[in-house]
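Put chain B on the given structure of chain A with help from the hints.
There are 2 protein chains.
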Amino acid sequence: MSEPTFSIPRGMKDIEPVEMERRIWVQDRILDVLRRYGFKIVEPTPIENLETLEAKCGPDIRSEIYWFKDKAGRNLGLRFDLTVGMTRMVANRFDLPEPIKICAVAGMWRYDEPQFARYRFFHQWDAEIYGSAEPEADADAICVGMDVLENVGLREYEVRINNRKLVEGFLRRIGITQLDQVESVIRVVDKLRKIPRSAFLGELRKTGLEGSTLQRVLDFVEVSGEPDEVLSRLKEFLGGDEDQAMRGYDELVRLFDVLEGFGRVRRCILDMSTVRGIGYYDGIVFEAFDKGSEDIGAVFGGGRYDKLSQIYGKRDIPATGVAGGIERLMISLERSSAMPGLPSVPRVFVAAVNETSRRKVWDIVQRLRDKGYSVDFDLRKRSLRGQMEYADSVKIPFVVIVGPKEIARGVVKVRDTARRSEVEVEVERINEAVSASS
Amino acid sequence: MSEPTFSIPRGMKDIEPVEMERRIWVQDRILDVLRRYGFKIVEPTPIENLETLEAKCGPDIRSEIYWFKDKAGRNLGLRFDLTVGMTRMVANRFDLPEPIKICAVAGMWRYDEPQFARYRFFHQWDAEIYGSAEPEADADAICVGMDVLENVGLREYEVRINNRKLVEGFLRRIGITQLDQVESVIRVVDKLRKIPRSAFLGELRKTGLEGSTLQRVLDFVEVSGEPDEVLSRLKEFLGGDEDQAMRGYDELVRLFDVLEGFGRVRRCILDMSTVRGIGYYDGIVFEAFDKGSEDIGAVFGGGRYDKLSQIYGKRDIPATGVAGGIERLMISLERSSAMPGLPSVPRVFVAAVNETSRRKVWDIVQRLRDKGYSVDFDLRKRSLRGQMEYADSVKIPFVVIVGPKEIARGVVKVRDTARRSEVEVEVERINEAVSASS
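If you read the protein sequences in the order shown, they are chains A and B. So for the first sequence, numbering that gives the first Met the number 0 puts the first residue at 0; every next one is plus one. So for the second sequence, numbering that gives the first Met the number 0 puts the first residue at 0; every next one is plus one.
Hints are computed from structural coordinates only; laboratory data are not their basis. This structure is a prediction, so every number in the text was calculated from the model and none was measured. Any given hint could be a false lead.
Claimed, not checked - Derived DMTMM-like pairs (lysine to aspartate or glutamate); straight-line CA-CA distance at most 25 Å:
(1) Lys12(A) x Asp80(B)
(2) Lys370(A) x Asp256(B)
(3) Lys70(A) x Glu53(B)
(4) Lys12(B) x Asp27(A)
(5) Lys12(A) x Asp69(B)
(6) Lys404(B) x Asp256(A)
(7) Lys55(A) x Asp281(A)
Stated by the list, open to error - Between beta-carbon pairs, the in silico distance windows are:
(8) Glu431(A) x Gly385(B): 53 to 61 Å
(9) Ala71(A) x Ile194(B): 24 to 32 Å
(10) Gly371(A) x Glu333(B): 20 to 28 Å
(11) Glu388(A) x Arg314(B): 18 to 26 Å
(12) Phe115(A) x Glu225(B): 54 to 62 Å
Glycine included, each C-beta is placed from N, C-alpha and C at the ideal position.
Looking at chain A on its own, in the form it has when it is part of the complex (with noise of 0.2 Å):
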């Protein structure tokens, strides 16, 4: 019979202990700000027909994520964002007072090509605001997004906020007119910090552009700054007659009113180079980057997209959010030494001296549980120094040992393993012993 190997499929992985302590830690962190904000959690579900999929992003979206036919012949995909599920889900409810604030913190699918960190199944939050076109709900976004990276320890950050109505509305004042136009150049901008600057101008000429209309792009997305100075220069840009920019640029005006009411403006930069790529965002858009790990992509990032629900439902609701990856945030702190140490062995491994010593441990073992603390006891029928070795081996702080001479005197030994240092206590008084630090 051939060996079977049971790999697992590409661009898949096991969680280890460690890393799976470290994600529960991060997403209890979330969610207590998700609930500060008085987000409600919700999870659409993992599979959505296929069609509900391609309604956000086109057919095209087929070669970017796992689809199948399931046995009765409907094509289903598994879900690549949380988006279309949340939008999806209050697109049609009538019945719900506005705002509604909703969030979702869970795991999700593409099928890119496998890079560095980055998987075919990954985990996001995702926190959206249905209801509000005011730049008020755009500020809540942000600062839930800021304070997501605040509430995990990670302080080194910048927020780069934009309105793809002043970009769109500039580009039309210059001359770019067709849709096709402009969302190319979009797409393009978007790379602007992402590719050399060679290969950025190439890009942007493939777009069409060319002499002082080139040059006006590209002056326009290098302004970039503290807000109150950018909202300054960007006047030279804008003619005061585009009805498109000049309302993107008072929600802009309105956003840092916000923001500075919020404490929050030292934080933010004003850059017309952000503008995301995705075609569906047509308002205030934003991305946050750790300064230490900005080649990891942005730490979170969202906008507003008042007329994706129009696709989901029968009627308009405006709608802003913000999202972020798990594993993304996870290798930030990280590298910024910002990651607590998590437990992840026992706390305390209590062994038996001799067979006749092992029923006094199970009551140990039980009392000790009871109390909340994270207990282990010999499965194997070893040694007391096999035991020992045990405990050491997977480096258990504390080792409780219960030998029937001390149990008569109704207390045990308690080995402090780094310290490699013994004391006696009285069995009441264990958890006393193994509450000092190590």
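Structure of chain B alone, referenced to chain A:
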């Protein structure tokens, strides 16, 4: 253009906020218990190679799971349990000290016919112990299951315990020696409590049993009760000369000795009809039932499966484990009113009396969120009345009303929505006012 409906696939569902908070609460309580027992948390990949899934249960599994070809033509499948993945994870690891205690709390997919409280995507907790052939390990699995129930507040349950070695040995002893027949008898015995008596007898006859052999099987599987008493009664069914049955008997004696040491025997029933239908169990098996909700099936179940790791790895690793459905547990908790009330709306809404008060609103919102309160404010430029109506409609317990006259005096009004009462408090003391139970 036809109106798209964007339904979700049959057997799938979106999780709404109330259910989601309950699931998070239940999962947290379960993880707390699993950690106390020293289980390390992992998560096997959600997508496996189809051959990995088939290796456990045979190619028939294809009809019960989601499987498909990926773009490279490889057969993949969505995980249908957590045991397969965890066993694959440890089967080729020779570097880990044993026993290896790992657990997972995660979602999985089955292509079942949807039925009451049973969707095609659901969640389980699963704790497995690899590397111990001793009944201590089976006892640890049973105890962790019991503590899971206790820790979520389910107190009216019983655990039915048996040993497949004992059952199979007994069947051999009375002349049922063909492996096929042994397996089909066991599959029917599993149904004793699940189908009507006449159907049960019919199915048992179909396995080829008749006359006194049928009667002996019936007498045997009806043996059930308090462990000590059943252990005595079982002696009349066992000759003492049948190795396998006696080994199973001795394992049970040792198991109940450990469970006694952990103070757990009063919840346990030794029950010869508890056999678990699935083929790969080969030792101690058990199932727990909530006495108020036996109709929804076992709230946890498990047992020993010493031969499964051979399939996935290059050596034998004895193994035992326990798993339970999260959604099923939630139904039990709701029926027995053991599910706690969990907050589903923000605790505080901060309302602005007029435009000039808004900046102070933002400041107060931020301060309260920083203190950990769940706080919302107006995102829609509503009048004060509109804001109050909104807070009322979503039943937010406290409304902080920020007006220019009060702010000038350093105070705000705090309205208790349920009591319809208002008090004036200093801005610095808002958190005290909204901490009072409403």
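Quick rundown of the hints versus the structure:
| no. | hint | in the structure |
| --- | --- | --- |
| 1 | Lys12(A) x Asp80(B) | holds, 16 Å |
| 2 | Lys370(A) x Asp256(B) | holds, 23 Å |
| 3 | Lys70(A) x Glu53(B) | holds, 18 Å |
| 4 | Lys12(B) x Asp27(A) | holds, 24 Å |
| 5 | Lys12(A) x Asp69(B) | holds, 16 Å |
| 6 | Lys404(B) x Asp256(A) | holds, 22 Å |
| 7 | Lys55(A) x Asp281(A) | holds, 14 Å |
| 8 | Glu431(A) x Gly385(B): 53 to 61 Å | holds, 57 Å |
| 9 | Ala71(A) x Ile194(B): 24 to 32 Å | holds, 28 Å |
| 10 | Gly371(A) x Glu333(B): 20 to 28 Å | holds, 26 Å |
| 11 | Glu388(A) x Arg314(B): 18 to 26 Å | holds, 21 Å |
| 12 | Phe115(A) x Glu225(B): 54 to 62 Å | holds, 59 Å |
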